[in-house]
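A.B. asks: Below, each chain spelled out in residue letters.
Protein chains: 4
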Amino acid sequence: MSSWLGTLFRVATFGESHGRGVGCVVDGCPPRLGLSEADIQPQLDRRRPGQSELATPREEADRVTILTGVENGVTLGTPIAMVVANRDARPGDYAWVARAPRPSHADFTYRAKYGIHASSGGGRSSARETVGRVAAGAVADKWLRERFGVEIVAWVSAVGPVEAPMPDTDRIQRADVDRHPTRCPDPAAAEAMAAAVREVREQRDSLGGVIACVCRGVPPGWGEPVFDKLEAVLARAMLSLPATKGFEIGSGFAGARMRGSDHNDPFVWKDGRLGTATNHSGGVQGGISNGEPILFRVAFKPPATIGRPQTTADYDGEPAILEAGGRHDPCVVPRAVPIVEAMTALVLADAALIQLAREGASPTP
Amino acid sequence: MSSWLGTLFRVATFGESHGRGVGCVVDGCPPRLGLSEADIQPQLDRRRPGQSELATPREEADRVTILTGVENGVTLGTPIAMVVANRDARPGDYAWVARAPRPSHADFTYRAKYGIHASSGGGRSSARETVGRVAAGAVADKWLRERFGVEIVAWVSAVGPVEAPMPDTDRIQRADVDRHPTRCPDPAAAEAMAAAVREVREQRDSLGGVIACVCRGVPPGWGEPVFDKLEAVLARAMLSLPATKGFEIGSGFAGARMRGSDHNDPFVWKDGRLGTATNHSGGVQGGISNGEPILFRVAFKPPATIGRPQTTADYDGEPAILEAGGRHDPCVVPRAVPIVEAMTALVLADAALIQLAREGASPTP
Amino acid sequence: MSSWLGTLFRVATFGESHGRGVGCVVDGCPPRLGLSEADIQPQLDRRRPGQSELATPREEADRVTILTGVENGVTLGTPIAMVVANRDARPGDYAWVARAPRPSHADFTYRAKYGIHASSGGGRSSARETVGRVAAGAVADKWLRERFGVEIVAWVSAVGPVEAPMPDTDRIQRADVDRHPTRCPDPAAAEAMAAAVREVREQRDSLGGVIACVCRGVPPGWGEPVFDKLEAVLARAMLSLPATKGFEIGSGFAGARMRGSDHNDPFVWKDGRLGTATNHSGGVQGGISNGEPILFRVAFKPPATIGRPQTTADYDGEPAILEAGGRHDPCVVPRAVPIVEAMTALVLADAALIQLAREGASPTP
Amino acid sequence: MSSWLGTLFRVATFGESHGRGVGCVVDGCPPRLGLSEADIQPQLDRRRPGQSELATPREEADRVTILTGVENGVTLGTPIAMVVANRDARPGDYAWVARAPRPSHADFTYRAKYGIHASSGGGRSSARETVGRVAAGAVADKWLRERFGVEIVAWVSAVGPVEAPMPDTDRIQRADVDRHPTRCPDPAAAEAMAAAVREVREQRDSLGGVIACVCRGVPPGWGEPVFDKLEAVLARAMLSLPATKGFEIGSGFAGARMRGSDHNDPFVWKDGRLGTATNHSGGVQGGISNGEPILFRVAFKPPATIGRPQTTADYDGEPAILEAGGRHDPCVVPRAVPIVEAMTALVLADAALIQLAREGASPTP
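Chains as they are written, first to last, in the working numbering: chain U, 912 to 1276; chain P, 912 to 1276; chain X, 912 to 1276; chain W, 912 to 1276.
Don't take every hint at face value.
[Said to hold, decoys possible] Distance condition first, Cα-Cα at most 20 angstroms in a straight line; then the derived DMTMM-like pairs of lysine to aspartate or glutamate:
id, chain 1, residue 1, chain 2, residue 2
1, P, K1053, W, E1270
2, X, K1181, X, D1081
3, P, K1181, U, D1097
4, W, K1181, X, D1081
5, W, K1053, W, E982
6, P, K1181, U, E1229
7, U, K1181, P, E1270
8, W, K1053, X, D1225
9, W, K1053, W, D1173
10, P, K1181, U, D1227
11, X, K1181, W, D1173
12, U, K1181, U, D1079
13, W, K1053, P, E1270
[Said to hold, decoys possible] Going by beta-carbon spacing under 10 angstroms, a handful of chain P positions derived as facing chain X:
id, residue
14, H929
15, R931
16, V985
17, I1232
[Unchecked claim] Some chain U residues well away from chain W (every beta-carbon gap over 12 angstroms; in silico):
id, residue
18, D938
19, P942
20, L978
21, E982
22, K1024
23, G1026
24, H1028
25, R1035
26, G1060
27, E1074
28, T1080
29, D1097
30, R1112
31, Q1114
32, Y1226
33, D1240
Think of the hints as simulated: they come from the structure by calculation, not from any bench.
All C-beta atoms in this analysis are idealised placements derived from N, C-alpha and C, irrespective of residue type, glycine included.
With the hints as extra help, turn the sequences into a complete structure.
C.D. replies: This is the structure in structure tokens:
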């Protein structure tokens, strides 16, 4: 249940990690938006596994097909269904999951909730579910760019203990982020992160990390008080991603240590409009965008699947040793960058449409 | 818009800070729950201003009235409307707000969004809006306790730079939290917090803080993948509170620095069920409760209203100096404790009802 | 439990027939709409009991109070809570309801659903619940009139076997409808209806009837395919009213007997726009308004409460004779006219806002 | 927008008539329900075109594929995506639609709403969209039968002026309905209907009709007051079907002509429970099922596409003559029978789950 998100720009995702495929339905995309698979594939490519290994045989993986809602390269305003086939179905690798739940995976809780769990891989709890989100987000992203000039750029700001300095958030582009396989735009930090990842890979372990994101060009007025404050719907969207443990906007947890006289963002006149001299608010005040860049960070725990043997217990409570076979991603944050961007776009597109309704409702402000 | 929350246990709040009153409608509360104003008033009393000042003349403030949905002390299953009158209407104090937006308040953004803003105080963006949430949350809290034995306890874990050690989350009660006016259960930290608050009050400044919360007794299986994961709806609920800047569950941002081999929570047999030896997950895996205590933290920025003069700009862009009159709360986290508990209860009650539907749908698991 | 309606223009109602009061919360009303109790009271007055009896002592009944969301006579864009106190609380009249369910009332089904039912009157199933709808609808109605020039007029088209001829739906006004207490604009039919009502009153019986409604000035484009087609949301709104048994739009059930060559509405150029020569569609094609008047009809069954003794059975299955005390309305359709108008306005306001979002999304059509 | 339906048992449909395919996503289906394409195909077969013509070459049309949510023949509780490919894509047939809107089709209103319309056929407004509904409904239908023993049977009760007598609604089965191609269970009426259809086909015209439906085995307590009364959500579901013009439950419009003393359904003891002697209520009182059979009727207008030339106007307002090429269905009600059943099942499954939550909420009634 609850595989859908949004009020006017609405998305539902479907698909398990080892079934026929994964995908999404986007309902409420504005009509007459130019759209083809070429608008969606790049973000899926940034998300897919095996990007940074040379000569990977999976080059053609994760090709998206638009089934409905687009004709002659233009959206009709009707539901856009998109599907990506699964190619890596490997039933059998996961037989042991039936006997004992993997630590910090969703095996145990899915079984508690549904009384059943997909027999292979993570099923619906797998990160593969995010394919549908990325496809849907690419549609939202394109509309936001074309209609409002909104730019959404996420990057890796920390991997394990390695933290990168803050980039120039007024200028950073996705191309800057993609320059290094870690998707950290700071070259020195990127190298240190890569080294840290190599180290845990050798040790058959994994590492967490942090993704930061900036949204430029969001006009004042987006976000719906009181329960759909912009930071609230962003937080929900981010914490709905697999492996996330935290969200902060603007000053975040550091802001809790500050005094009001330091934290308050004084208003100033800039660029022909009322803006703020500082941006501890992270672009949102009272749940509504204020025209400054929206800035937030998302914490990802280390992947639960590690190559090292782990002690755990089976469903009967008997102690067991689990050892994962296969190759596993020791750090997911580089691939999660487009996912964070996608969720951001979905949230902003929905907020934008709702505010457009309000603006149309009272034509003379 | 979006003054409502929840799917089956649904709440809508209403009211501005300086209008006739504030309140809520709770739709979907189970029938035949014993309920009266006496079940709700205590949490409102913990929330109301002026608690820690002796001889305050506001003793009778914030009395809740149940208008509908309850008869003979029992819920009917129909909407429960509750109202709390505003007594402190002071139009006039806020005339200057019409000329210049207060830094880090919602004056500017409400005007951008609605083209109008309540002329006094924060209007709908005021923390007074949370009265309705606390009343609704008290209903949810009672049902969760009676039906499942769920216990929700929040406390102040940091005020500005003062951080308290982690209490015994298996045992902490609301009475422990209320022992000190700061609502920090650690006596030494509580004293240091009180000193820090006194200091900023003297300096006509304000301080942020952090609230932590534990939920005990939540059975495995609550929370709806994929967009309504339990941590996602908790994050949304918390970030919908005024002045919040961050949310983390379990290991949170610290988890991003960890390795998988340290972060994974091994399963063990305990108390006649499968549990985990550690709880970095914070009681949730794959968005679903796992039976361990749910643990999360919420960051609050320092209150924007401070007595010190601040530089800012008026709506014409002219520099201005703002100086707030009146008494203001230099640190809101002690009063926010019951608000965090209320939002938690609302989220859990909704998740519980949805899971009850599923359990009833497939009677033989 | 679904005491709410709408996506952007959203309303929740609350209140039982014999509790403290009834009311509603309107969330999503556009800001800066002029609004006061004087805009709402007239429709409540048209709805209240006892209108057509001279010298009734209930003159001041059903006074609405706007609690929130309006300041200085203008909406703030925040939730508008409105309350009407109950004055006629008569606990005790209904003691027998605890023993045996009244035929064709909701006593039995509420008890089956909730395990409890308000001890007096209909509780939440009473027509008194519609007070909140009428208040909310008056807000929607005002906005629709001011923003789009939409006019919504309902009237009584049948009472029992008496059917009135179709009025001039291009011109009929509420004042025309109110000229006769039956709210039938055809004088001869109105008299026949009044006679029929007098007859059943004398016989301590009741009569059903039909209400027709026209909406003029709705621009092409309102209504959301596929599940929120305009006729679908209108049908839901009407069938959510107590005592309704049917809904038809345009040709309705008579259209099922027709041939396509007669039923199709040819397009013609009229008033500088593309319109249709006939209007069997009732102003809606494919679920979307086409610019022609929206025309529909709603069937109301005879009130279940009658003065005559009725055979029935008690909760133990024992045969029983029920005899209702008190005065009862033998025909509700005249009072239901403003209720139908209110539900129509709520549905149209929501559809209008959603379409405004779409129009704003693609500025160059 | 609004291509989704339901609160807990939720369905979204997608697809245009001449794109790649049509389908649906079912979110919230209970886990561990046996399910395969074989459970779904029969209702799709009853819906597909060309059933009653011998030797039709379209035998294998409309094969459904379950993409997700089912493993080893059992539902996982996760979203069930289903797709049916379009085979009859015939772009070019509809070039003239770009110049002039077809009378009583959605060409004009889609263009007014979206500024664009699928270039071929009805696009999203085509009856082909209902393929996704029928597939989703088959899932709901199976669950309702297995969990509660609910039986949903619809049939053709009128075609044009030919009305069939009421069948034995306590016993009628789908097999009885399918005995005649008209899906009218009364042999004599079926023959008269077939003759009427043949006549209009020869005249290149079309005919409307009425479908009736009974739901047996629905326990008391389903349906959510006040806006989601069972009759309200049924009415919405039915009026969301293409070509529908009316809905009535129980006594319907005829009930409006009755007196309360005749219309009221006296309670009696039957089959070990409290039931009603008559069923003018149609199985629903106060919006909640009362345990009696739910009975309703849906009016369908004659199909707008007819072979005869029709006068109309083009988008510039110039008079035009339209003449539809190709073969067209002169009467859709026989094929609409499984669609009505599907929508009914979707509505009931959702109502059932919500009531299951409530029953689980208060374990001791």
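A.B. asks: Hint by hint, say whether it matches the structure.
C.D. replies: Results of checking the hints against the structure:
Pair hint P/K1053 plus W/E1270 holds up; C-alpha atoms about 17 angstroms apart against a cutoff of 20 angstroms. Among the hinted pairs, X/K1181 with X/D1081 is consistent with the structure: their alpha-carbon atoms are about 14 angstroms apart, no more than 20 angstroms. Taking the CA atoms of P/K1181 and U/D1097, the gap is about 46 angstroms. The hint is violated against a cut of 20 angstroms. For the given pair, W/K1181 sits about 52 angstroms from X/D1081 by alpha-carbon distance, which is inconsistent with the 20 angstroms threshold.
For the proposed pair W/K1053 and W/E982, the alpha carbon gap of about 17 angstroms is at most 20 angstroms, so the pair holds. At roughly 11 angstroms between alpha-carbon atoms, P/K1181 and U/E1229 fall within 20 angstroms of each other, so this suggested pair holds. Distance check on the hinted pair: U/K1181 and P/E1270 sit about 57 angstroms apart at the alpha-carbon level, beyond 20 angstroms; violated. With a CA separation close to 35 angstroms, the supplied pair W/K1053 and X/D1225 exceeds the 20 angstroms bound.
Distance check on the hinted pair: W/K1053 and W/D1173 sit about 37 angstroms apart at the alpha-carbon level, beyond 20 angstroms; violated. Among the hinted pairs, P/K1181 with U/D1227 is consistent with the structure: their alpha-carbon atoms are about 11 angstroms apart, no more than 20 angstroms. The suggested pairing of X/K1181 with W/D1173 is violated, with an alpha-carbon distance near 48 angstroms, which exceeds 20 angstroms. Between U/K1181 and U/D1079, the direct Cα distance comes to roughly 18 angstroms. Compliance with the 20 angstroms bound is thereby established for this hinted pair.
With a C-alpha separation of about 17 angstroms, the suggested pairing of W/K1053 with P/E1270 holds against the 20 angstroms cut-off. At its closest, the beta carbon of P/H929 sits 9 angstroms from a beta carbon of chain X; the interface hint therefore holds under the 10 angstroms criterion. Because the closest C-beta pair between P/R931 and chain X is about 5 angstroms apart, less than 10 angstroms, the hint holds. With a least beta-carbon distance of about 7 angstroms to chain X, the hint placing P/V985 at the interface is held under the 10 angstroms criterion.
With 10 angstroms as the threshold, the beta carbon of P/I1232 stays out of range of chain X, its nearest partner Cβ sitting at about 27 angstroms, so the hint is violated. The non-interface label for U/D938 is inconsistent with chain W: the shortest C-beta to C-beta separation is roughly 5 angstroms, within 12 angstroms. Against the 12 angstroms criterion, U/P942 falls within the reach of chain W, whose nearest CB is about 4 angstroms from its own CB. Once the 12 angstroms rule is applied to beta carbons, U/L978 is inconsistent with being away from chain W; the minimum gap is 5 angstroms.
Its closest Cβ contact with chain W, about 6 angstroms, brings U/E982 to no more than 12 angstroms, contrary to its assignment away from the interface. A cut-off of 12 angstroms between C-beta atoms contradicts the statement that U/K1024 is not in contact with chain W; the least separation is 7 angstroms. Not every beta carbon of chain W lies more than 12 angstroms from that of U/G1026, the smallest distance being close to 6 angstroms; the non-interface claim is violated. Consistency note on U/H1028: stated as away from chain W, yet its beta-carbon is not over 12 angstroms from all of that chain's, at 7 angstroms minimum.
For U/R1035, the shortest C-beta to C-beta distance to chain W comes to about 4 angstroms, within the 12 angstroms cut-off, and the non-interface label is violated. No beta-carbon of chain W is positioned within 12 angstroms of the beta-carbon of U/G1060; the least distance is around 22 angstroms. Every C-beta of chain W lies more than 12 angstroms from that of U/E1074, the closest at about 37 angstroms, which supports listing it as non-interface. With a minimum CB-CB distance of about 34 angstroms to chain W, U/T1080 clears the 12 angstroms threshold, and the non-interface call stands.
Every Cβ of chain W is farther than 12 angstroms from the Cβ of U/D1097; the closest lies at roughly 39 angstroms, confirming the non-interface assignment. The Cβ of U/R1112 sits about 31 angstroms from the closest Cβ of chain W, beyond the 12 angstroms cut-off, so the non-interface label holds. Even its closest Cβ contact with chain W, about 34 angstroms, leaves U/Q1114 beyond 12 angstroms, as expected for a residue assigned away from the interface. For U/Y1226, the non-interface assignment is confirmed: its Cβ lies about 17 angstroms from the closest Cβ of chain W, beyond the 12 angstroms cut-off.
Residue-level check passed: U/D1240 sits 23 angstroms from the nearest beta carbon of chain W, beyond 12 angstroms.
When each numbered hint is compared with the structure, violations occur for hints 3, 4, 7, 8, 9, 11, 17, 18, 19, 20, 21, 22, 23, 24, 25.
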